[in-house]
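Let's have the full structure, built from the sequences with the hints guiding it.
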Amino acid sequence: MGRKLLIHNDKVPGINTLEVYRAHGGYASVEKALKTMQPDQVTDEVKKSGLRGRGGAGFPTGMKWSFLAKPEGVPRYLVCNADESEPGTFKDRYLMEKIPHALIEGMITSSFALGAKTSYIYIRGEYFYVARIVEAAIAEAYAAGWLGKNILGTDFSHDCYVQVGGGAYICGEETALLESLEGKRGNPRIKPPFPAVAGLWGCPTVVNNVETIAAVVPIVNMGGEEYAKIGVGKSTGTKLISASGHINKPGVYEIELGITVEEFIYSEEYCGGIRNGKKLKAVVAGGSSVPILPAALALTTAKGEPRLMTYESLSDGGFLTGTMLGSGGFIAMDEDTSIVKNLFTFSRFYHHESCGQCSPCREGTGWMEKILKKFLNGTANESDVDLLWDIQSKIEGKTICPLGEAAAWPVAAAIRHFKHEFIEIAQKKKFVDISHYDRLNKIRA
Amino acid sequence: MSSQVHGAQKFDNAKRAETVFSEEAMKTVQTIISHYPPEKIKSALLPVLHVAQAEFGGWLSPETMDYVASVLKIRPVEVFEVASFYTMYNLKPMGKCVLEVCQTSSCWLNGAEDIVKYIEKKLNIKVGETTKDGMFSLKVAECLGSCGTAPMLQCGASYHENLTYEKVDAILETYKNEGKLRSYTDLDYKNTL
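Chains as they are written, first to last, in our numbering: chain A, 21 to 465; chain B, 940 to 1132.
The hints are simulated quantities; they were obtained by calculation from the structure and are not laboratory data.
Hints may contain errors.
Restricting the straight-line Cα-Cα distance to at most 30 Å, the calculated cross-link-like pairs of lysine-lysine (DSS-like) are [stated by the list, open to error]:
#1 Lys118/A with Lys1106/B
#2 Lys269/A with Lys1129/B
#3 Lys449/A with Lys298/A
#4 Lys31/A with Lys249/A
#5 Lys966/B with Lys204/A
#6 Lys169/A with Lys981/B
#7 Lys954/B with Lys979/B
#8 Lys1078/B with Lys394/A
#9 Lys1056/B with Lys394/A
#10 Lys390/A with Lys949/B
#11 Lys1065/B with Lys31/A
Listed below in structure tokens is the structure:
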């Protein structure tokens, strides 16, 4: 069994309440930080831990924190990005729903490090009931003195609030999230200035993912160096992986970074293999935005080494033969899956979610969806594959925010690795057959 | 979102005069506003719109948006530009229970299309339509973060997951018998796994 630091208590009855959470060692990091450490020491521990942003980008958290501008007399903010919307990702929801105090504890400890008197947890609107759970936990924390004025009798005071969104994937992009938090449309801002300098209401702001903030708790408790001993190379610690698709045991798993992809898919501890004894066809390893990989390349790198669940190993070979760890949204597809149709669901998604600011993304995502639709209704021809490739290549790097890339990469990878499927459909040798998905009741019987 | 199209609704001054939050809703709104610095209360707009949508019949009429603008002391256009951007705000009247079936990758891999077809047949409506009795509207939604428990549908604050046809039957039956408006802000959410 791998070590678990974030959701080791998820099955404890009542762990969503302060009483049970506290009985299992909860809020120890707040005590340790506020009573025995200086704010900069907390940041140093996070730096030493090697923790990287768990929302998808994988940027070193300690470094992000150290960029925070600290002008006199200007408030600083910590904003938690709980706008989890990347298809295939549901780990933050699980964490907040099961152990809401883990997030709140992380918010307090992190805010202490950053000198933030106020923090916001921006939760996607569809997770309204999760917001209720988190709000109830916040109320408990206030009542017990973990939030509010002079926490634990120290000078540190902190307020933490929840805001719900309105249903927009783009608000997971940190500057769009800040716009949304300010009560505006979720249009990403041009960077620089980065939020660390001018974020919420123009004030210095750190935006971190739910899991990143929750990971600060074990880091402070055990020390950054101890935390860094878990994992491989620059992929330290544990990571929540949302596993879905054609696997026997979908769900949220906490892994030590560094286990093999093969172990993750086939071991009983995790996904438990492919459903109905089918063969694995392809894997989307880190949420819909990352390149899809055929089974062989998902399990073994182009160099012939076993593929590991780490930032480095998954991106080994670049986009030609590799992918990204991303948000940890792990979707496995069996041999019957139509890659073209799956790609269509992604492209439809990105078209729907483009904010419309930048023409390459606003128009390009729509064109890609339209062309893919031709493959589904049997009117595509071979030149459409080239056209699709052409469009995706003209989006990347030409937009304000990474939604453009997120929409382009899956298209590029699907064509790169599964071009024959597009050609077969275009040549009318094959049609997209969805009848085998009408097996719902068999699966759930 | 950007592609959301809606007919222009006529503004009705008489309706606007009647559009006022109940005491309870106003209390919720004041609590939300208190979360932000006094000069930044526009930030409360998204959560307040959710309250307004639940309070005024499950959609945001021009009168409702105008009222929200007056409560937050911002211009009506600032409300409309936000309401028209985010998918959770309805700009036209909807059924009491809006069924939103997730259709993105993992849900699709697990049969979301069949669920949509099943509901269409059962309620005798197409996606985007409302039943004649005004009870149900059917929508498709993009990834709702339920990939491990796919397929799923959302109705108000409730997540209904690992759907089967039997489960869909039971869900529709329950909502129909209750006959009440379902909102994202509901406290009595009933999640089924």
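> What are the numbers of the hints that this structure violates, sorted from low to high?
Replying inline: The structure breaks hints 10 and 11; every other hint is satisfied.
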